[in-house]
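Chemist: The residues making up each chain are set out below.
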Amino acid sequence: MVSILNSIDTGHEDMVHDAEVDYYGLRLATCSSDNSVKVYDIKNGGTALLDDLKGHFGPVWQIAWSHPKFGNLLASCSYDRKVIIWKEQNGKFSKYYEYANHDSSVNSVQFAPPEYGLVLACGSSDGSISILSYISETHNWDAKKIQNAHAIGCNAVSWAPAITPMTSDFSQSDSAKLVKRLVSGGCDNLVKIWREEEDRWVEENKLEVHSDWVRDVAWAPSIGLHQHTIASCSQDRRVIIWTSDDGTNWNSTVLQTFDDVVWNVSWSLNGNILAVSGGDNKITLWKQNLQGNWQCVSDVVKGQGQINSQ
Amino acid sequence: MLTQRSRRYIAIRNLDEELEVVQKFPRQSKYDVGAAEWNPTVHKRELCVISSNQRLEVLTWRSQELIQTHSLRAHTRVITDLNWHRSEPNILASCSVDTFIHIWDLRDARRPSASLSAIAEASQVRWNKISPHLLATAHDGDIKIWDQRKGTAPVQYVAAHLSKIHGLDWNPSVETQLATSSQDNTVKFFDMTNPRRAEYVLTTNAPVWRARFTPFGNGLITVVVPQLRRGENSLLLWNTANRSTPMHTFVGHRDVVLEFEWRKQTPGSSDFQLITWSKDQTLLVWKIEPFLQKLCGHEPDDVREEVAVDNDTSEVVKIKKKNSPKVQPLQQEFSLLNVHIPNLEVTTMDPVSRTCTVFANVNNFMVNLQVTFPGAYPHGVPPVFQILSESTVNESIGSQLLQTLNHLAQQRVSKNRTCLESCLRQMITTLEQLSADSENDRMFDTSYVEPINVFGGYNDAYIPFPRTSGGKFCSVSILVCFGRAPHARRFSGKTESSTPRALSALESIFTKRSTDHMTVSAYYHQKHRYRIKHSSSKNVAKTMVHVYDVSGLLLTSRQLAEEYILDGDIATICKHNAATAAVVGRWDLVQAWTLAELIECSQTKDGLWANHPFGNKISDALISHYAAHSDIQMAAMLSCIFGKNQNNHFQQSSLKSILHGVRPAAITTNHNSKNRFFRPLMKEGCCKSAFLVHLLPTTEEAVVQAIGTKELETALYFPVATNVINLLVQYENKALNCDDSLDPQLATIFNKICSDSAPQIISVPVLNRRHKYFPCATQNLQPILLTCFVDSSKDESYLIKLAGELFRYCQTLLLNTMAGEDEERRRLQKQSLLSIARKLFAHLEDVNNLFKEILSEAKKLTNAQRCSLFLLNPDQVQFAKKVFDVTSCTKINTKVKLARDQNIAGYVATTGQLLNIENPYDHPLFDKNVDEIEGVKTRNVLCFPMVDENGVIGVIQLCNKRNGNFNRFDEEVVKLFGVYCGLSVMHSLIYKKAREAHIRSKLANEVMIYNVKVSDILQ
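Top line first, the protein sequences correspond to chains A and B. The opening position of the first sequence corresponds to residue 1 in my numbering, with each subsequent residue numbered one higher. The opening position of the second sequence corresponds to residue 1 in my numbering, with each subsequent residue numbered one higher.
These are computed hints drawn from the structure, not numbers from a lab. Fair warning: there could be bad hints in the mix.
[Unchecked claim] Only some residues are given here: those of chain A computed to face chain B with a beta carbon under 8 Å:
hint, residue
1, Ser-3
2, Ile-8
3, Ser-125
4, Glu-137
5, Arg-215
6, Gly-271
7, Ser-277
8, Trp-294
9, Val-297
[What the hints assert, rightly or not] BS3-like mimics (lysine-lysine), calculated; alpha carbons at most 27 Å apart, straight line:
hint, chain 1, residue 1, chain 2, residue 2
10, A, Lys-177, B, Lys-794
11, B, Lys-688, B, Lys-734
12, B, Lys-734, B, Lys-801
13, B, Lys-164, A, Lys-206
14, B, Lys-859, B, Lys-830
15, A, Lys-206, A, Lys-287
16, B, Lys-617, B, Lys-575
17, A, Lys-69, A, Lys-144
18, B, Lys-683, B, Lys-801
19, A, Lys-145, B, Lys-734
20, B, Lys-683, A, Lys-177
21, B, Lys-794, B, Lys-710
22, B, Lys-415, A, Lys-54
23, B, Lys-575, B, Lys-688
24, A, Lys-69, A, Lys-206
The beta-carbon is built from N, C-alpha and C at its ideal position, and this holds for glycine as well.
When you get a sec, could you build the whole thing from the sequences and use the hints?
Modeler: Spelled out as structure tokens, the structure:
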């Protein structure tokens, strides 16, 4: 069911903290505690190093590829409090924009769905979330900041898919505008949902079940159904699946309590498989069965390069 | 002397004796110490008061012992704050959650000397530093000022903040000034003589825990709320005269500052010392440098050397000490400075006055910079940069430069590193950038190049421990996995068994191990590293990233997408797609495709199985099953297949909504409710307007009763020949083309209805299959209606379906309604005729009256303006007539010659046929002279005969129907009316004749009797 396409020795001198493949599945970017970001060409099983991006002066925590319609952009965030957006030209990356307006380590970056334009959200340990929007008319970046989004610090941000809210009244469906939403998790043990209202970001919801720092959040992609799904994982070793039919009332289901801290959750494109990984160095894949229960469908043991299908 | 308190101990530290050990006094109490304060007066300085829940304990420091001398009990709930009187040694104030503020006199400690009731709980209490009577308390966001001389009610009430006030402080030099620090990120200064508005406001970027005036100048120290736990620059010095930016940041604590206090000045000394106590359990004493005092507007007398005392006074064993440098560090730094920096010239370096001046010349920018090194430099205290007057930079560039330099210096000295050389190099870089910017006229982010590759910053306790493994779904079907190599076992710290929470965990483990590499990999490779200690330390296991193709898990398949088809006949599609699924090995999909084919292509006796209630449900269930399990591919394919078929059947929902709208019509049979058709019809058909044309083959007419939702006052009638109507049969399931090919009779209808504009009309004939309501129908199929949509946005086929489906269900209802209406109308007509007949026969005795009555009834019946009656002269049947015209109740009796071929009445009289003429001027029989004589214009004419059993006896001519022309119903009714008139007139005439005859015979009789009598007499 699962086959390995590439195995890349990244050559990072320290721990790898994040890896992501671009929209077309052609480029792999990795970032590491050695302060560098590396980009590989993985087309047709290749492993060629394309570029080694040096620009951060601290461990790089997370990277994110933009949608290709904005060009090949890569965002990285680091302990050095900076967010750098890199742009590729002829296989080489150069610094396109640098954002240094956070007071502490920036832990999470993610590009918004392309429907909203070129927009980037950054969550930082200074407790705030920055939303950087590219203004194409002036070629400038406009930064908005949600101050004190999470007391102590924000650990993760994730955008909601861009879908128009469906109403039963057909006459309104045309005029309904896309509303930007994002979810964030932080050291206050909370998962918060934010909505853009005119020029401001307002807290729409506060989900309170985790008993320790929330390490990662992921809003599931939409496949056209009315339901919203968010996964969050925490230092409390639990992964919680949040679902809502109307966007205001959220129900929580504990996916599983793991043996160690869980720090990464990721949804597949069609929103039905969740990849979970944590301090125990294992990656597991979870899927909802017909009864609505979550089952582990696969176990990826790191380093051995194999997935044990069940 | 200082106290530190915890639940178990009170620790006392004498600040003057540097080496003295901390004295700790155990306490026996289950409560923490809330607040503690030494007596500020000289006489009683051995006194210390602490609060413990509801109680105040006064302790005396005597011969190295701490003895409790008083215990003050009056508060009923926990004490929040206490304060010694600034000058009176025995007076003390305390406030509590119980809302009371008690003032105690230690000379009589049994009860408070005064109690102030504040209603709200107080969080802070402060004696005025100058006036002995004033006292301020903070209650949430409000301040109350009390004057002991003025009773127990507050003398002032200040609504200071909207958020909670954390700290209060009186200005030591201005009696009436008070500073409040609040959760709302501001410090406000109030003048008690005018407390309405804050004198001024100082805004910071975080909630302020305490704000205290400096004992010199007009400075202020602020500290952020400790619970926030972030921002290393939490201890700030401000100048109240310049509130935009802090003057100085005290850097040194590794954690948030919990409390700070000014040390009492030793007599004869001009030193100011700030004592701060932090969560990291260190106590720091800061000497306020003269330059800082200057910054706050204070001119110190002399300059002294600084003392930094660093200690750890808790019971925790950990003690850290900073190495005090043996060599004069500044001198060393100067001597090591590499002065060969391009574009820069070091002009003076003076380790004695601790200054250094440099001159930089970059791209026309000439900067003279003076760097002054405070005594504590480089231990947490950065140098002060000053641009001298000979410089050629404007203010904004200068301030940017200074900001950059200060920032960098702060970074370095916070780690106790020297910063001069890096600052100077940075200055050149910044100036180059700034000059480039000013040329390009754009702002550039001035970044300083300072590697921070070692963990251990102040915020690391709040930065999450880095993730070292993860799986991310990317692109369409790619899963990227990374993680630690299998042999990279986590180093298990003695305290934690699972992965630590924050980055600071690294520090705590590695400081003990005295490892210089405080990195995440070191954490995991600890054991490994020991084993290969002497091999290359760079050999951090291979960091592999694996890219997986997980399309097998995702249900959607690229191969299927390429092979599936969607064009053509449903059965073929299903078969082909089932075969495709079989090739890929998706047997579950093969089943679904087979089922789909069954649903869509099998017939039941009622038609397609898909239309069967069960068939419908199963298709819905199939789609939602695949959608719920994220097999979007299959869900979408099925939707397309079922949707294809849906096209052949009208959408259930819209039909339902129309039928719902129509339903009340069936109940009321009120013909108004027929219009209920139109609203749903217009909505579903997405058109501006809609109308129904009823086709009546019996009368060869087409009727339009309403257009859109507006009902016409009088229905529009159009003549349509039966053969034209019957021809519409060929338009079954088609729409009429409203173009030149349209039958002219039908074209008139549309032209008439849409006279003003030329809209797009789509007209759908509705055919009745079985209904025999119209007996003339020769075929089984009978057109009964034209459903017309005006300017519809939907396509023709949709409208055909809409109309077809609607009237499949509704035509019976509609026809019955129409029939019902017709019957109702006839009933009313008959009733009115009956009453007319009764009236007419009541006037039989006088023909003239009868005529009058007939004329008025005829006008009433048809709503005509004028009416004339022509009575045929029975003697001269063909020609001579007697005219009886009543226009305005005046009676004109004239004789008119009625010629058969010359005027309308003549024609009617001779043929006995009714004439209904619109636009009489176009009619050959119309005599225009009549209008000229009477001075009116005739618009329309309805002329009908009065008949008796022998034939026509007269003609009634009605002219100018009010609003509109005479219609079919008028004709119908006047025909009957003519019969009644004929009968009554005939009877009246016979009666008249009979009466005349009777009179005559009576006269004859009389004459005869008379003659007889006369002859008798004569005989």
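Chemist: Look at each hint and say if it fits the structure.
Modeler: Now for the hints, and whether the structure bears them out:
no. : hint                   : verdict
1   : Ser-3                  : holds, 5 Å
2   : Ile-8                  : holds, 5 Å
3   : Ser-125                : holds, 5 Å
4   : Glu-137                : violated, 16 Å
5   : Arg-215                : holds, 6 Å
6   : Gly-271                : holds, 6 Å
7   : Ser-277                : holds, 5 Å
8   : Trp-294                : violated, 13 Å
9   : Val-297                : holds, 7 Å
10  : A:Lys-177 to B:Lys-794 : holds, 25 Å
11  : B:Lys-688 to B:Lys-734 : holds, 21 Å
12  : B:Lys-734 to B:Lys-801 : holds, 9 Å
13  : B:Lys-164 to A:Lys-206 : holds, 23 Å
14  : B:Lys-859 to B:Lys-830 : holds, 17 Å
15  : A:Lys-206 to A:Lys-287 : holds, 26 Å
16  : B:Lys-617 to B:Lys-575 : holds, 22 Å
17  : A:Lys-69 to A:Lys-144  : holds, 23 Å
18  : B:Lys-683 to B:Lys-801 : holds, 15 Å
19  : A:Lys-145 to B:Lys-734 : violated, 62 Å
20  : B:Lys-683 to A:Lys-177 : holds, 24 Å
21  : B:Lys-794 to B:Lys-710 : holds, 22 Å
22  : B:Lys-415 to A:Lys-54  : holds, 24 Å
23  : B:Lys-575 to B:Lys-688 : violated, 44 Å
24  : A:Lys-69 to A:Lys-206  : violated, 33 Å
Checked against the numbered hints above, the structure breaks hints 4, 8, 19, 23, 24 and satisfies the rest.
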